[in-house]
Amino acid sequence: MKKRRLIMRSIILAILVAAVAYTLYANFMKDHAQKVAVGNQAPDFVLTDMQGNKHRLSDYKGQGVFLNFWGTWCPPCKKEMPYINNQYHQFKDQGVQVLSIDIQESELAVNQFIARYKLDFPVMIDTDKEVMTAYGIDQLPATFLIDKDGKVVKSTTGEMSEDMVREYMEKIKP
Amino acid sequence: MKDVKCECGHVNPHGTVLCEACGKILDEEEKKKQLLDMRYEGSARRSQTYSKTIIDKIWNFFSSVKVGVWLIVITLIASILGTILPQKMYIDLPPEVYYEQEYGWFGKLYYQLGFHDLYGSWWYLLLIAMIGISLVICSLDRVVPLYKALKAQRVTRHEGFLKRQRIFGINTLVNQQDIDIVKERLKQKHYHVREENGDLLAEKGRFSRWGPYVNHVGLIIFLFGGMLRFVPGVYVNENLWVREGETALVPETGEQLYLQNNKFILQHYDKEKNKTFEKALERAGDVVKNYQSNVVLYKRSGEKIPGEKPKLEKVKDYKVRVNHPLTFEGYSIYQSSYRSEMNSMTFNLINKKTEQSFGELTINLQDPKEKYDLGNGYSVKILNYFPDFEFAKNGEPSTKSRVPNNPAFIFRMTAPDKPKGETSFVAIRQTIEPFGDNTYKMAFKGIGTKNVSGFTVRKDSSLWVIIIGGILFMIGVIQGAYWNHRRIWVQHKNGEVWIAAHTNKNWYGLKREIEKVLEDTNLGNPEDQLQSETTDKEGV
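Chain order of the listed sequences is A and B. Take the first sequence: its letter number 10 is residue 10 in UniProt numbering, and every next letter is one higher. Take the second sequence: its letter number 414 is residue 414 in UniProt numbering, and every next letter is one higher.
Hints listed in this document are in silico derivations from the structure and should not be mistaken for laboratory results.
Covered stretches of chain B, as calculated for chain A (at least 3 residues, CB under 8 Å):
1. 133-143
2. 303-310
3. 360-374
4. 399-406
We put the CB at the ideal spot given by N, CA and C, even for glycine.
Take these sequences, add in the hints, and give me the full structure.
Rendered as structure tokens:
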């Protein structure tokens, strides 16, 4: 009798605590929603670069992918672009690919930017912010390091130094 | 902690004050009182009678009404704090800047304490949750023993129980006929009358005792509905801006729904057509009659990965107006706002001296072309485009964002007499010629604008739960407020007939009812012991 009561109470309390814990957790996650976490599979996407070539992330399995989101108007993006370009030349023969995605700008602006900074890696425009949404990005520049199995090794926002770029590319070298 | 066996043979749980069956006083303390405390029928509110394990201790904490009331008071005070300064969803600056800038040190403190998002803070949610837990446990702890006690009650009651009822009276000379009359009258008054060895128990409105608990169940369902909103997909409240002519993904629909905005319409009341209101319209200026977006809703078919063009199937055409949302699969798309956006700029290429025009060009600000050929050897090339122009710190022209708020261009104008071209920087109301005097000029002609409709996308699957909770809440209130639980005992004790009565509220009504029932019989009206006591005191 007494034992049954204790079990009943424990069950009821457990249900209540579970409900409260879930609510708090959901509320916490709402504020700290990170769609692409380290260790997860990077969301696949398809975009067309300025030369008209299609790039699908899953086609780069077996290579490391240095995925960079940027805008021509963002000052730190302008700073880090030459570094990325330099390191791209160092690492492209070692199985590291750079994919860089501009967020919703005009072709003219992007083309002029590429010409000014003499960028050699593929640059794509995310016209409808779909890829940006899939990766849950709200600050530029943002960089995702994806290993040869398509898993996110690291993600970072804000300006990178050339050493950081080198270190990151080293990390995803297959 | 043993169960208590009453002399009537009924076994009561430990902590019972009054025997559930016969009403005999089991608690010595209670015997000293002249009147019984009839709350919860003197049943054992178990939580208050013992605590052993941690679980029991937690249970007892939440079972206390005192704790419940304090939780409510603390939540009230916290809610008040949240109304002192605007919450973060109502401000348009970053909170770390806004509060200090607007309210000084107090604002800074307010922000640091996290009061800018008080109603979404973990501790506020925890308070609400604790009220919920208290509600569940308080109710369970009371309704179960109360139900058991009311169910176990026998007709014949112990003398001590009857004597200590607030309404009580003794009659010595009684014949059975009178008791039969009383029984009939009680039945007429919709009492449920039970008889045992010539003793009567008349009872009505017992269900009103469940009112508070029905009310609590409603509240708990209400809170559960609030909790459901945190489940992804249950509650959606998002903004969506779509330019005229464009198609956008509707947020929070699992990348399923797309909305195409064909046209935004803004209509005003016409003074000429509404003669009656001419004066009012003159005074008020433009009064908007209608905000409307003509849209097409599409649903995606097949799989799609981000960046790929979706295959869309048309669902429906609709004219979204204020309060006339487009609804589909639980989603409602409301017309909630609009803005006009600069979309294109038109220039004339002219000779500065003769002002002769060599052609006109319109630049799409979302997607400008690199080169505009005007024929006859005249052409204009855009060397640089700054959608949101400003001079950067180092003095270089640059752009603040990708939105064409303040477009500026560096043009190279080529003419038959200037094959190398002339360079000119053109911003709104500003032309700079960096390499000396030019022959040609890009004369500003006009801007084109495009409307952007602002929609609110809403979905609330938790609403029904909340409504049901609210309805139950009200049923509980009505049940408890408009009915009373009345009991009248007419019993033979020591050759006399004792009459006792109890109600959970409205004693006056009960007394009136007893008067009516006993009218024209030998049975005398029982006394209100509480009232006679106070009048006695007043008499002294």
